[in-house]
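**Q** Start from chain Y and add chains V, C and U according to the hints.
The chain contents come next:
Number of protein chains: 4
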Amino acid sequence: MTQHDTLILTASCASRLGTVDAVTGYLREQSCYVADMQTFDDARAGHFFIRAEFRKPENGDFDEAAFRDGFSPRAAEFGMQWELTERSRKPNVVIMVSKFDHCLNDLLYRYRTGQLAIEIPAIISNHPDLQRLADWHHIPYYHLPVTAETKAEQEAKIWQIVQESKADLVVLARYMQVLSPELCNQLAGWAINIHHSLLPGFKGAQPYHQAYAKGVKLVGATAHYINNELDEGPIITQGIQTVDHSHYPEDLVAKGRDVECITLAKAIQYHIEKRVFMYQGKTVVLGS
Amino acid sequence: MTQHDTLILTASCASRLGTVDAVTGYLREQSCYVADMQTFDDARAGHFFIRAEFRKPENGDFDEAAFRDGFSPRAAEFGMQWELTERSRKPNVVIMVSKFDHCLNDLLYRYRTGQLAIEIPAIISNHPDLQRLADWHHIPYYHLPVTAETKAEQEAKIWQIVQESKADLVVLARYMQVLSPELCNQLAGWAINIHHSLLPGFKGAQPYHQAYAKGVKLVGATAHYINNELDEGPIITQGIQTVDHSHYPEDLVAKGRDVECITLAKAIQYHIEKRVFMYQGKTVVLGS
Amino acid sequence: MTQHDTLILTASCASRLGTVDAVTGYLREQSCYVADMQTFDDARAGHFFIRAEFRKPENGDFDEAAFRDGFSPRAAEFGMQWELTERSRKPNVVIMVSKFDHCLNDLLYRYRTGQLAIEIPAIISNHPDLQRLADWHHIPYYHLPVTAETKAEQEAKIWQIVQESKADLVVLARYMQVLSPELCNQLAGWAINIHHSLLPGFKGAQPYHQAYAKGVKLVGATAHYINNELDEGPIITQGIQTVDHSHYPEDLVAKGRDVECITLAKAIQYHIEKRVFMYQGKTVVLGS
Amino acid sequence: MTQHDTLILTASCASRLGTVDAVTGYLREQSCYVADMQTFDDARAGHFFIRAEFRKPENGDFDEAAFRDGFSPRAAEFGMQWELTERSRKPNVVIMVSKFDHCLNDLLYRYRTGQLAIEIPAIISNHPDLQRLADWHHIPYYHLPVTAETKAEQEAKIWQIVQESKADLVVLARYMQVLSPELCNQLAGWAINIHHSLLPGFKGAQPYHQAYAKGVKLVGATAHYINNELDEGPIITQGIQTVDHSHYPEDLVAKGRDVECITLAKAIQYHIEKRVFMYQGKTVVLGS
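Chains as they are written, first to last, in my numbering: chain Y, 1 to 288; chain V, 1001 to 1288; chain C, 2001 to 2288; chain U, 3001 to 3288.
Chain Y extracted, bound-state conformation (with noise of 0.2 Å):
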């Protein structure tokens, strides 16, 4: 069997007897083989998260719009939210950048090698400099510079890009501009962010020479989902690097590079995996 027999579903509800089963159920009814199952059941909060692998019957008789329409009353029962995706289908990233390439080059190695399983429609930049990195990968780069006053006609053009493109999730690869509520709101829950601290420490600008002043011995880097709030979207994943006295914040800012290209794609592996559920301001990742 390949990839592109294999279907990934997700679903969540209130905790309540027989959640496991409704999913399980349908999928041996279906003939899917499962191939991979993990859930997770907040004991606190009464919620429960499923995800499972599972592949298409070997007669090769599968119809996903009838098995939809087989799970959506059972999933309906429990009042479940759920997906249902391809494995093998590759989603479209829109990768958001400024100036420091370090992310950037790493996620189009990572894209062009296969490791990450994307399409990339585009790359937009509030700075020309990345453009011939884009070319080579053969990738539409669009230059929006911005300023205080043409904010809001930038992120209009942005949101644009983003639709057009048909962007199933937007990365902020180190963009440096704070992006407006508005925009904040319309990216909430799809588009990841790095931040090169160890969230909730070092929150907003320049972090790393905050971690200076106060004498860290280690730094780290954040990826989280953009929320209305700066730098305080839900966690998916954190990395971090052991630093020590004779690290300026110059140090700092190269030692961290590595940290948060692999912590940025991490983040983004799980959520084009269909790992990471958002709730109640945090993250339940599966099989991680």
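All clues given are correct.
Some chain C residues judged to face chain V by a derived CB distance under 10 Å, without partners named:
{"id": "1", "residue": "2101"}
{"id": "2", "residue": "2106"}
{"id": "3", "residue": "2109"}
{"id": "4", "residue": "2115"}
{"id": "5", "residue": "2132"}
{"id": "6", "residue": "2246"}
The hints are simulated quantities; they were obtained by calculation from the structure and are not laboratory data.
No residue lacks a Cβ here, since even glycine has one placed at the ideal position from N, Cα and C.
**A** Then chains V, C and U, alone, in the frame of chain Y:
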């Protein structure tokens, strides 16, 4: 609800349509709430593994024997090997040591504070040194000295204590004797050893001295099940510690202690939580 | 040679040509062999730090007082703050605890096995719970209960014990009381606290509960010197532990124990090996 | 001051009174400011190592040839092997690759952004695949296919390119050919290889497949100098990645990429910063 209401069902069998449903469907029928579940399907070997934590019905109407009787034929249909365990039952763990006490001290701390939910009916040693530590914890200490001539006899006594203690698990917490093939066979798969190297590197005696001679920049520890080959049993978990040129063998010994303790404790935790499956000389560890 | 022949000389001063030579030249004159040396020059602040381990002359001809007298004028020339310590001298460490015993248990283990080359003249607690553990190690245990009304009096007793113990270092091994500004001032720079978060994140009470609420994917521990602001003193070292959505606050508490123990022990080790310099609210840690 | 004013002096010799002073005293005489210094004294082997970064006199009065001439007799007195390097001089690094491009891509990124202060006069490969990547960075790419019959001839060409490039260092960035003893001898000690396992575990071909077969829970990468035994040269640094039962060999290959890249880049950084001393088949790495 409490842990007293929770059970763990683990099962494995050849991969086949319906394996998950055989478990989850039955739990649904029995009105048991699935609190946590993971599966793994080894596509290469065609083998399936499942671990489910579930709560007894809220009406209190649960009969374990009846539950077992009901599940047996379904499991048999799939050729499943399965186990049912009360979450709150504390397994009997017999600990074997020599003179090094760091792992024993660590395990006893976790035992007396309840972090490690075990009973320790016996500590066995070929040296008298750690008697006082055992006494302080009110645990019977068996000093069984051993020489080449008395080895068979000594091991017979070990085996007797293990049996009389109704041990569910034997832990070799830096027991510095090579076990005979007979005892290895008796303990295969239910005794955990901590070896102070990243196996398969540096098997056998004095791994830290081997590591020093080789000039490695990382040392580690491996917790594995005993089988009939020295330091070759299925690996449960491994931990590491960075080192450098300034560490002489005795420094590596000191540096490695923490990671040995943590690695061994983690392996025992996985084992008693029924997360570990042995298969083809390796382990599957679900939900670690 | 043994540790009895080894001394540690540490010094710091404003950066200026000749600082290293002032130390190394003198050691050469005194026929002392430099076994280990590190320097750090803070180019931003223009400040210099040096730590040298050296062995007394092989002919046994070493007079510590004369050595000090000889070095004093040279150090004065550079405005050096300096310290000379016998490597083999075990400092007196007073430990303060409340009810949580994991750090105390860990420190006592390292103490009784000699891994941590210290004397422990006193354990002070605001609770009686850990008396038995202290007794087993033959260490005086001072139970000093505290209320808002008796705080001044209780702290006066603490200070008295610290002084009578000729303490070189005070360790707050999960002492769950906020010290008064007076006691903080008295202990500033020679008391080490372990805080169970990655400072400056999650200061104050219940950091694991704060971490849970925020949904972080890493928790950590910070060992720092006490100063007159809560959880704001110079950081010595930090450690981390990965966590996920399944960890409730009480799980984080459990998960964090090992990293708290290791982080605190490491900070004490650095301190007693004279590796730590406090400077501008931060630390320089040489040769860690 | 800038890096242009900074030099690195490294030296090693048999342990003897006065070794440090021989270096620091001379630097003082020459009015050179010591910005960073570390020493290591191998008490077992009786061998001493020192690395000092220093700044030229502020009056600009520095003659490198005269400096060398002045230091030579002092070094000779102690039998020192020593080296003097301009901090700002970019060494020539020839990179050898086959088809896997992750390490090359990573090194080229660090090269073009200046993180790795090197020149790359040539990339040599036994396959044509990575030509385009080299072209984009304007680096000459030498495609030298190899068969058992042509190996001697191909290696002669490699050697010629290495010499004509005035290479200071050769990096085998996943070059998948075993070098002949002759070429190994020519490159011994100044060629760095990245091996995708934690040596000495899993030497030779397909280490990830070996790791899979063994069921290890950690994989890693080792950067080491080439010598005349396969995968046996002095280890510079090692990195690790945790894995589990769900990772097939091809997953380990994917998982290991990041740690291979980072480990290799770190080793090159140590090497060009003159931190690495080879000694008795191992390395001393100062100030890492």
